[in-house]
Structures are given as C-alpha cells and as structure tokens.
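If you read the sequence shown in the numbering used here, its first letter stands for residue 5, the second for the next number, and so on.
Just so you know, the hints here were simulated from the structure itself, not pulled from any lab data. Any given hint could turn out to be false.
[Stated by the list, open to error] Listed below are the simulated DSS-like cross-link pairs for lysine-lysine, each with C-alpha atoms no more than 27 Å apart in a straight line:
{"hint": "1", "residue 1": "K57", "residue 2": "K92"}
{"hint": "2", "residue 1": "K109", "residue 2": "K92"}
{"hint": "3", "residue 1": "K144", "residue 2": "K130"}
{"hint": "4", "residue 1": "K153", "residue 2": "K178"}
{"hint": "5", "residue 1": "K12", "residue 2": "K57"}
{"hint": "6", "residue 1": "K153", "residue 2": "K130"}
{"hint": "7", "residue 1": "K15", "residue 2": "K57"}
{"hint": "8", "residue 1": "K57", "residue 2": "K82"}
{"hint": "9", "residue 1": "K92", "residue 2": "K107"}
{"hint": "10", "residue 1": "K92", "residue 2": "K130"}
{"hint": "11", "residue 1": "K15", "residue 2": "K92"}
{"hint": "12", "residue 1": "K92", "residue 2": "K82"}
{"hint": "13", "residue 1": "K107", "residue 2": "K130"}
{"hint": "14", "residue 1": "K137", "residue 2": "K82"}
{"hint": "15", "residue 1": "K153", "residue 2": "K107"}
{"hint": "16", "residue 1": "K178", "residue 2": "K137"}
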Amino acid sequence: MAGNRFGKAVKRVWDFFWRPSAKWPLGAILLGGIAVGALALGGYNEAVVQTNKMSFCNSCHEMREYVYVDYTQSVHYKNPVGVRAECKDCHEPAAWGPQFVAKVKSVNDLYNHLAGTIATRQAFEKHRQELDKRVWAEMKANDSRNCRKCHSWNAMLTQAQIPAARASHAMGLKAGFTCIDCHKGIMRMKGNFQATSTAGKSGL
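Build the full structure now, drawing on both the sequences and the hints.
Here you go:
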C-alpha cells in the first residue's frame, strides 16, 4: 500500500515536470537551460584559458614592445631555480569570483588599446607611473593576493637569504607588511619606484 502511494507521488511529480507550458514541456525547458548554462560555462573557461596565454598578452604592441621587455629582464622571467611567473600568475586571482572581476576590468585595457592611449613609447612613459601605482594600490588592498599563490612567510628559508633580505623579511613580518610594500620594482625595472620601494630589482 505504501509502495503504491509512493509510486503515485512519483508519477504526479513526473507528470508535473513534463507538463507542457504554453509551448514546451517544463522538463525540456529546464534541461535546455542546463545545456545552455553548461555551454556558457565551458565557453567562459575556454576564454580564460586562451586569454591567459602569454601569446595573447603579447598580441598588442603596447605589451610586446614596452612591458614585455622589462619582464624579460626581471627575476620572474629568469632566475636560478628556473621557475617562471607569467602575466596571469601576477595579475589574475585564482578564485573564480575575483578572477571574473579581473577579466571584466581588463576590458578597459582593450578600450585604451583601441583609443591609442599608450600607443607610443612617449605616451607609455607618460602614463607609466599612473599605471604602476594603480596596480600597486590594488595589490596593497588585497594583501598581495597573487604573490601569495607562490610565496608565503612559512615557506621562506630565511637562513639561506643574504643578510639584508633576512633582516628585511623579519622586519616586514613583524610589522605586518605585505609583499608589494617592498617589492614594487620586482618587474618594472625602469619605472619610477625608487622612492617607495626598498627591494627594487634584487628579487629578494
């Protein structure tokens, strides 16, 4: 008896699920929505993969001829341990939400590319400090979140560091510094960061 009631309940739910709306069954609409959502999510993930590639970042001359040149001279490009951090590692959060926000913000880069804001070396140098400060402020606000994808206080073998680095890191840890407080010049070799950066291009 109980099994019969359960079977009837399941049938009522099933009939409701597939009951036609004005034109299509509700179940078909739901499944169609799931399929469209899956395609949209897959398309977004593929877009993220493609736009995270170094070749994409270098597809405009502003990056290839100005920023990339500095990057190839930095410790993030070539170092004794052979680990390379690319654009996405430093400029894109790992978590989905912040990553999506970063992608939306990057539309501004496309606008400035089309507008020719930094189309020449002179224009780039004119805006360089402004661009640097914008990135530094964002990194300061999120506690150098992207740096921490690779670096952490707990993983530092401070006794293997040069004395200056060892002392600076001990002071920074005690004072609650975040990475960007001292490492503003880690990539921008020629940027005007000297007055606010203590690490400069040392790669400490």
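Evaluation of the provided hints:
{"no.": "1", "hint": "K57 - K92", "verdict": "8 Å, holds"}
{"no.": "2", "hint": "K109 - K92", "verdict": "14 Å, holds"}
{"no.": "3", "hint": "K144 - K130", "verdict": "23 Å, holds"}
{"no.": "4", "hint": "K153 - K178", "verdict": "21 Å, holds"}
{"no.": "5", "hint": "K12 - K57", "verdict": "55 Å, violated"}
{"no.": "6", "hint": "K153 - K130", "verdict": "31 Å, violated"}
{"no.": "7", "hint": "K15 - K57", "verdict": "51 Å, violated"}
{"no.": "8", "hint": "K57 - K82", "verdict": "18 Å, holds"}
{"no.": "9", "hint": "K92 - K107", "verdict": "11 Å, holds"}
{"no.": "10", "hint": "K92 - K130", "verdict": "25 Å, holds"}
{"no.": "11", "hint": "K15 - K92", "verdict": "51 Å, violated"}
{"no.": "12", "hint": "K92 - K82", "verdict": "16 Å, holds"}
{"no.": "13", "hint": "K107 - K130", "verdict": "25 Å, holds"}
{"no.": "14", "hint": "K137 - K82", "verdict": "25 Å, holds"}
{"no.": "15", "hint": "K153 - K107", "verdict": "18 Å, holds"}
{"no.": "16", "hint": "K178 - K137", "verdict": "25 Å, holds"}
Figure legend: structure checked against the earlier numbered hints; hints not met, in rising order: 5, 6, 7, 11.
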